[in-house]
Amino acid sequence: MKQVFGYPESLQTRPNHYCPGCTHGIIHRLVAEAIDELQVREKAIAVAPVGCAVLAYNYFNCDAQQAAHGRAPAVATGIKRALPDRIVFTYQGDGDLASIGMAEIVHAANRGENITVIFVNNAIYGMTGGQMAPTTLPGQKTTTSPYGRDTATTGYPIQVCEMLSTLKAPAFIARVSVHDPKNVLKAKEAIKKAFEYQVNGKGFTLVEVLSTCPTNWGMTPVEALKWLENNMIPAFPLGTFRSLEEVSK
Amino acid sequence: MAERIMMKGNEAFAEGAIKAGCHFFFGYPITPQNEIPEYMSRRMPEVGGTFIQAESEVSAINMVYGAGGAGARAMTSSSSPGVSLKQEGISYIAAAEVPCVIVNVARGGPGLGGLTPSQADYFQAVKGGGHGDYHMVVFAPASVQEIIDLMYEAFVTADKYRTPVMVLADGLLGQMMEPVVLRDWEDLQIPEKPWATTGMVSGKPQSVINSLGLAPEELENLNLRLQKKYRTIEENGVRYEEDGVEDAELIIVAYGTSARVSKSAIAKARAEGKKVGLFRPITLWPFPSKRLAELAEAGKRFMAVEMSAGQMIEDVKLAVNGKTEVEFYGRYNGAIPSVTEVYQAIIKSFDNREVQK
Numbered sequence: 001m002k003q004v005f006g007y008p009e010s011l012q013t014r015p016n017h018y019c020p021g022c023t024h025g026i027i028h029r030l031v032a033e034a035i036d037e038l039q040v041r042e043k044a045i046a047v048a049p050v051g052c053a054v055l056a057y058n059y060f061n062c063d064a065q066q067a068a069h070g071r072a073p074a075v076a077t078g079i080k081r082a083l084p085d086r087i088v089f090t091y092q093g094d095g096d097l098a099s100i101g102m103a104e105i106v107h108a109a110n111r112g113e114n115i116t117v118i119f120v121n122n123a124i125y126g127m128t129g130g131q132m133a134p135t136t137l138p139g140q141k142t143t144t145s146p147y148g149r150d151t152a153t154t155g156y157p158i159q160v161c162e163m164l165s166t167l168k169a170p171a172f173i174a175r176v177s178v179h180d181p182k183n184v185l186k187a188k189e190a191i192k193k194a195f196e197y198q199v200n201g202k203g204f205t206l207v208e209v210l211s212t213c214p215t216n217w218g219m220t221p222v223e224a225l226k227w228l229e230n231n232m233i234p235a236f237p238l239g240t241f242r243s244l245e246e247v248s249k
Numbered sequence: 001m002a003e004r005i006m007m008k009g010n011e012a013f014a015e016g017a018i019k020a021g022c023h024f025f026f027g028y029p030i031t032p033q034n035e036i037p038e039y040m041s042r043r044m045p046e047v048g049g050t051f052i053q054a055e056s057e058v059s060a061i062n063m064v065y066g067a068g069g070a071g072a073r074a075m076t077s078s079s080s081p082g083v084s085l086k087q088e089g090i091s092y093i094a095a096a097e098v099p100c101v102i103v104n105v106a107r108g109g110p111g112l113g114g115l116t117p118s119q120a121d122y123f124q125a126v127k128g129g130g131h132g133d134y135h136m137v138v139f140a141p142a143s144v145q146e147i148i149d150l151m152y153e154a155f156v157t158a159d160k161y162r163t164p165v166m167v168l169a170d171g172l173l174g175q176m177m178e179p180v181v182l183r184d185w186e187d188l189q190i191p192e193k194p195w196a197t198t199g200m201v202s203g204k205p206q207s208v209i210n211s212l213g214l215a216p217e218e219l220e221n222l223n224l225r226l227q228k229k230y231r232t233i234e235e236n237g238v239r240y241e242e243d244g245v246e247d248a249e250l251i252i253v254a255y256g257t258s259a260r261v262s263k264s265a266i267a268k269a270r271a272e273g274k275k276v277g278l279f280r281p282i283t284l285w286p287f288p289s290k291r292l293a294e295l296a297e298a299g300k301r302f303m304a305v306e307m308s309a310g311q312m313i314e315d316v317k318l319a320v321n322g323k324t325e326v327e328f329y330g331r332y333n334g335a336i337p338s339v340t341e342v343y344q345a346i347i348k349s350f351d352n353r354e355v356q357k
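Chains as they are written, first to last, in the numbering used here: chain L, 1 to 249; chain Y, 1 to 357.
Don't take every hint at face value.
Per the computed footprint, the stretches of chain Y lying under chain L, defined by three or more beta-carbons under 8 Å from a beta-carbon of chain L, are [to be verified]: (1) 56-65; (2) 208-214; (3) 339-347.
Just so you know, these hints were derived from the structure itself, not from any lab.
These numbers come from a predicted model, not from an experiment.
Yeah, the Cβ is synthetic: ideal placement off N, Cα and C, and Gly gets one too.
Here chain Y stands alone, though its shape is the one from the complex:
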């Protein structure tokens, strides 16, 4: 039976992965996600799994490549500067179509940055990060419960599409505690993986996990296949949450911690009669562009609230495509906007509108 317990976000990433049937964790210490490898080092032996503290982020992601390529559910976790180091491996993994999960509990940057929460890794997560034409599915949880649920989704999605999946959170989500229900998933059957390198036992044809395509047409065919897969994911994999958008004049678009802060700010503004709603992307790639376009068509205005200098706002603008206004409120790299700040930004937006009228 599912029990309700208090759990820290970082522990939820780890336990969520184990509940999703992941028995292989490869990682390297970096704040603010250290509870993930620590938890894994304790739990993996209990479930007969493998924990390796790798010599580097680079090695960790390549161990994931090896284990994932051999058919296992495997993952790594890190934080911003460490995730930068993993980009080489992620590009290879995407090209070789190896299912796996990468957790980024992001902190402020650029460079060594700071230890405080940030959403400034959006571009890196959704626009590639590594070299070449590839995408990975990016989930953005906004609560500890959602971390657990999305870790399961992440592994299922990775296997379904043979793709790397990132679960992108910020340090606040990693560090906070909330009550959660630990579900035992009914469908824990890991799908057959005839492509995996498990050995040519009993006449199985040779499996090769590879991203090299020396002949131009060979490489183009790989890319055509990848793009086709990405279109399928865009068609079927978009997830978002809406709250009060139907009658809203202004829609706040925010994910993760920013969405939580925005929710409180919206409630405050609503209490004063401001018609404002929340649109929370749960998948950052594929981005819920279609739905945002519909809302823009219906005349809604938008405001992106982010803990960055404005990254997701570019995807919002692409979706809105100039039909209505898209404003921005953000705190940069390490600072979390307060409810009052976002509330004031909402009020200011409505006031400016009055003046224009």
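Pulled out of the complex, with its shape left as it was, chain L reads as follows:
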């Protein structure tokens, strides 16, 4: 019988620890599928962040290093420079990448490191219990912005793709979402493209994936998907911000 659907080889078959309705599971699967399809699993080295995805090394079926909070792009730089023919990717959340790790991501992008960054933005600190993130929306209530994010004192959500697109070196930067099947397919396409760029040695690639956190948003999974669509996408417009291919066309 022909198998039409199954576990990607790049995912381990153990259950994950993510909360019900969290979209990390979907994003893990998309990354694994992309790695499978490009047939680079044996060459892949993941860098896990600090945050909800800290245990990513238990889920991706490839070698992995766990990095200190925000430092994943620096760790990935070290790995890639030591092993240039390997496929090195980081998987980071918004607190990790856009707050404590802002220096590391900007400079890895600016050096044009030939790595792939999967940036999961759910507008909140998940692992630590729902504190305000650099991508928290104005007015959004979190455990450290209990009256809603006040832009007068805490600023505005940081748009990472737009910011990194001001740099010359990056090869591919895109923002996608996983709130419905159509967008999941688009997300998959972008993630695969990013890895493909790396395989072809084109330089720094980043895919920002808008994601939900039903637990810390205080919503049901379905409400969370709706909230993402209605609130996050206007603040973080989807699209491709940099693509060397399109530039060269």
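Once you have looked at the hints, place chain Y on chain L.
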């Protein structure tokens, strides 16, 4: 063939590392060690290696973590305030058991401090510095030749025990020039590293470089393993130099630049018949406690000479364990004691002894 050339201490750290098979350097500018990254930026392309001027000390140490975890001989260098920034990474590296070398060409502190030589980073180097129960091996060279030799030792030790190794010097050693012999080491074979994250090629089981242990027993097991390793290093890795301790009544304990100054002061006091010797720890961790305890048992008195308010003296006192007297002479943070000062401290120690008698 080995040639004899003049070399600056900082360049010796760099060339010593390259001679030891290190092809990955990640660093950030800070005085008084800037010649190290500058030299590396020039030399690494010549040997097919990698030099990255990182965006920060924090990034530099994490690049070392990545490259070391991927199996490469990797290093970073910095000076005191920069080494403080690296402590997070060093703690992770120790926990994840990633071999690597960190050079600290120390300057005066605390805070931004000054640019002049200091030994006030002893505590930071040997007592942890970062969080958690860990140690790194700390070598303390006292000459430019020893810098080169210990850089090799540092990489070999790092690989042997899967541990971070620090080579701790002060700004004077980094800045001075001396004649050196650049050896080509016979045993440059980097050991097999099946644990490294090199990819699951040809069915290799998954390698994970990690310091997270969420289950209490998992974390305790990691710590038990680390402590066992530290005991092995304490058993086998202690290095020191002695000069004239056998007949000495007073032994000066000093490392690095302080040991050089003390050596001259001791020669001067010896010429006047004072029975004084030198004990120079070459490894600051593991500290040569056993040997110092033996010497204390034999009735020797001690004086720690340091370019700090007195840090290594605590380890000397722990080793001596109250059996004999331990005095101190130090200049703080940026000041180098003169031969005359140390000589006078030695004479005063003997004079006080006479009065007591």
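Does the structure break any of the earlier hints, and which numbers would those be? 3
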